[in-house]
Amino acid sequence: MKLNNVYIDDTFAEAFSMKATRIIITAMNLKWAYRAANAIRGFASSVIACGCEADIEKELKPSETPDGRPGISVMIFAMSTKDLEKQVPMRVGQSVMTTVTTACFSGLQTKEKISLGKSLRFFGDGYQIAKVINGKRFWRIPVMHGEFICEESTGITKAIGGGNFLVLGKTARHALTACEKAVDEIQKVSGVITAFPGGVVGSGSKIGSKYDFLTASTNEAYCPTLKGQVKSALTAEIGSVLEIVIDGIDEKSISKAMRIGIEAACSFGPSKGIYRISAGNYGGNLGKHLFHLRKLFK
Amino acid sequence: MNALTFTLITQPKFTLDVSPLIPDNLEGKNITHIKNIKLRHGKEIVKLEKLFLIKGKNSNHVCIEKSCDKLIRIGKRMTKGLIDVKGNAGDFLGQEMKNGKINVSGDAGSWVGNRMIDGRININGNIGDYVGAGLPGDPYGMTNGLINIKGNAGDRVGDRMRRGIIVIQGKSGDYCGNRIHAGTIIALDRVGKHPGDGMRRGTIVLAKKPKHISATFKSCGNLKMEFLRLLFTQLIKMDPDFEIFKKYGPIAHRFSGDLARNGKGEILILQLINRR
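Chains as they are written, first to last, in the working numbering: chain H, 1 to 298; chain V, 1001 to 1276.
Possibly wrong hints are sitting among the right ones.
Dumping the calculated BS3-like pairs for lysine-lysine here, alpha-carbon to alpha-carbon at most 30 Å [claimed, not checked]:
1. V:1101 with H:113
2. V:1080 with H:111
3. H:61 with V:1035
4. V:1224 with H:61
5. H:2 with H:210
6. H:188 with V:1237
7. V:1080 with V:1035
8. V:1171 with H:136
9. H:136 with V:1247
10. V:1101 with H:111
11. H:58 with H:31
12. V:1080 with V:1237
13. H:158 with V:1237
14. V:1035 with H:31
15. V:1080 with H:113
16. V:1035 with H:136
Quick look at which bits of chain H chain V covers, simulated, 3 or more residues with Cβ under 8 Å [claimed, not checked]:
17. 120-133
18. 143-154
Distance ranges between label pairs, derived from CB positions [as the list claims (entries may be wrong)]:
19. V:1224 with H:79: 36 to 44 Å
20. V:1055 with H:145: 14 to 22 Å
21. V:1240 with H:112: 27 to 35 Å
22. H:42 with V:1212: 50 to 58 Å
23. H:64 with V:1124: 16 to 24 Å
24. H:143 with V:1272: 56 to 64 Å
25. V:1236 with H:130: 20 to 28 Å
26. V:1247 with H:142: 25 to 33 Å
27. V:1079 with H:145: 20 to 28 Å
28. V:1271 with H:144: 21 to 29 Å
29. H:144 with V:1272: 48 to 56 Å
30. V:1209 with H:64: 29 to 37 Å
Hints were generated in silico from the structure; no laboratory data involved.
We treat Cβ as the ideally placed atom computed from N, Cα and C, and that holds for glycine.
Generate the whole structure from the sequences, applying the supplied hints.
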């Protein structure tokens, strides 16, 4: 199968089950909301070593936020509820509460919840105030800039992590140009994030390693410098492989994001150095959610 | 479906306890059953059919027409549905109500929302004293819910309330927010003497500066209270009737107290948004 003369491999992306939450960060303006959102998604590219995967989902208008200020919705994914319970209050406490004029609210209304302000309120040292408005409990924590307002808890949901595709190009510059466009398009899809820096992975991994202490290591089959040295998946003309990893709240949103992303990457075509699209297939060892590339376009 | 409507035939001589007329109690009952419901009228027990004309079927929407201030305990312990009161309501409106909604087109008596647990009460006219309060001997007053009064309120608004929101769009009497444990009272017109007297926690939001604030409240100066923005935004989302809050910004003069009770409560005096 070809898309704009770019060959689509007959393979699948292998994704795994995760738990996710969405939080809404508001501030006096978008600049400061972004500062907090960027801080919370810092060092949250992969669960392999970061504990969670997080990224900005979208900007929100004042009419879309609980306190009528400009805001940003951030999605945070982790392997279990326990991991989310650990990561979310810690990151909100250190990244959002410390950012001037911010407030933090739940962006997901589900029955299963994890604590947000419920844990952070203790920073108020007894001066914190609880307010129940419209059936939701908010905490007002007195801080030096005024008050930090935080919703008591946020909903969590089952989610999927590790939806992905590989862009195989002539050089890193060619592949990156295509990936940048793909990420821009994926960001328009609601309920998905691309947690890696810029949404693009420069060092995609395989499961395991020759070293016992490593759970993941370089995916040598797709390393251009190892062509001839290992059983390579690359042909002669391919000089760089970049990966786009997508986490989402369900299969439908990930499928949509993958399809839109692949279409955007393929729009460059072989004439602009994009030759093939493949996916991270680990032989069924990674997860139960399989996204067959060719089925995305049926 | 048409509302289950009870029209008062004549004005009762004494107080009439209509607490059985709630959606929870009327659900699944046929007209014969409803006619035979017994109500306490003064010292007597009377059948409902002697006092009311009944029409309609939808027990989830109860309507009381030609209501007067002798009808007490309307909506007591209701957990669902809607009660529309056309006319005035007596004391103890929405007493211990757990959920649902009560609308009153006229005035209501004292003890509106007494020990209210949740739900919503809208009153178009004026009310008496002790809205959202607890009776002597009760540990608390209302513990959640929202009471919206378009007219004036009497004394001791929210006495010992624990949680919830009371909005008074007219004037309020003396001791507004007296001894409140927590919760929020918003008064958009003048309040009487001693607002917040003995409050432990909670918030009293005043649109107009009161004539007198107790010496046991300390000024924190004019502050930008983002909480007010959250509160007003959420209230506007709940009900278009609260669009009135659009004219107030987050800046308020904050007084903390009541320090005589080691209080961590606050009185916030709002400022209008200066739109030039």
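Against the structure, the hints:
Annotation: proposed proximity of residue 1101 of chain V to residue 113 of chain H holds, straight-line Cα distance about 28 Å (limit 30 Å). Straight-line distance between C-alpha atoms of residue 1080 of chain V and residue 111 of chain H comes to about 21 Å, which keeps the hinted pair within the 30 Å bound. With a CA separation close to 54 Å, the supplied pair residue 61 of chain H and residue 1035 of chain V exceeds the 30 Å bound. At roughly 21 Å between alpha-carbon atoms, residue 1224 of chain V and residue 61 of chain H fall within 30 Å of each other, so this suggested pair holds.
Among the hinted pairs, residue 2 of chain H with residue 210 of chain H is inconsistent with the structure: their alpha-carbon atoms are about 36 Å apart, more than 30 Å. Restraint check for residue 188 of chain H and residue 1237 of chain V: satisfied, since their Cα atoms lie roughly 27 Å apart, inside the 30 Å limit. At roughly 22 Å between alpha-carbon atoms, residue 1080 of chain V and residue 1035 of chain V fall within 30 Å of each other, so this suggested pair holds. For the given pair, residue 1171 of chain V sits about 28 Å from residue 136 of chain H by alpha-carbon distance, which is consistent with the 30 Å threshold.
Note on residue 136 of chain H and residue 1247 of chain V: the hinted pairing holds, with a Cα-Cα distance of about 24 Å set against a maximum of 30 Å. Taking the CA atoms of residue 1101 of chain V and residue 111 of chain H, the gap is near 24 Å; set against the 30 Å cutoff, the hint holds. A C-alpha spacing of about 14 Å is found between residue 58 of chain H and residue 31 of chain H, which places the hinted pair at or below 30 Å, so the restraint holds. At most 30 Å may separate the alpha-carbon atoms for a hinted pair to count; residue 1080 of chain V and residue 1237 of chain V meet this at roughly 21 Å.
In summary, the hint linking residue 158 of chain H to residue 1237 of chain V is supported, as the alpha carbons are separated by about 29 Å, within the 30 Å threshold. Restraint check for residue 1035 of chain V and residue 31 of chain H: the C-alpha separation of about 65 Å exceeds 30 Å, so the hint is violated. Between residue 1080 of chain V and residue 113 of chain H the alpha-carbon distance is near 26 Å, which keeps this suggested pair within the 30 Å criterion. Using a Cα cut-off of 30 Å, the hinted pair residue 1035 of chain V and residue 136 of chain H is violated, with the two alpha carbons roughly 41 Å apart.
With 6 residues having a Cβ less than 8 Å from any Cβ of chain V, the segment 120-133 of chain H passes the three-residue criterion, so the hint holds. Restraint check on the segment 143-154 of chain H versus chain V: 3 residues with Cβ-Cβ distances below 8 Å, three needed, restraint holds. For residue 1224 of chain V and residue 79 of chain H, the Cβ-Cβ distance of about 40 Å falls inside the hinted range of 36 to 44 Å, so the restraint holds. A hinted range of 14 to 22 Å for the beta carbons of residue 1055 of chain V and residue 145 of chain H is inconsistent with their spacing of about 60 Å.
Range check, residue 1240 of chain V to residue 112 of chain H: about 32 Å between beta-carbon atoms, so the 27 to 35 Å window is met. For residue 42 of chain H and residue 1212 of chain V, the hinted distance range of 50 to 58 Å is satisfied, since their beta carbons lie about 52 Å from each other. Between residue 64 of chain H and residue 1124 of chain V the Cβ separation comes to about 32 Å, which falls outside the hinted range of 16 to 24 Å. Checked against the given bound of 56 to 64 Å, the beta carbons of residue 143 of chain H and residue 1272 of chain V, roughly 27 Å apart, lie outside it.
At about 21 Å, the beta-carbon gap between residue 1236 of chain V and residue 130 of chain H stays in the expected band of 20 to 28 Å. Between residue 1247 of chain V and residue 142 of chain H the Cβ separation comes to about 27 Å, which falls inside the hinted range of 25 to 33 Å. Judged by the Cβ atoms, the range 20 to 28 Å given for residue 1079 of chain V and residue 145 of chain H is violated: they are separated by roughly 43 Å. Separation of residue 1271 of chain V from residue 144 of chain H is about 23 Å and conforms to the stated range, judged on CB atoms against 21 to 29 Å.
Between residue 144 of chain H and residue 1272 of chain V, the C-beta spacing of about 28 Å breaks the proposed range 48 to 56 Å. A C-beta distance of roughly 35 Å is found between residue 1209 of chain V and residue 64 of chain H, which places it inside the suggested range of 29 to 37 Å.
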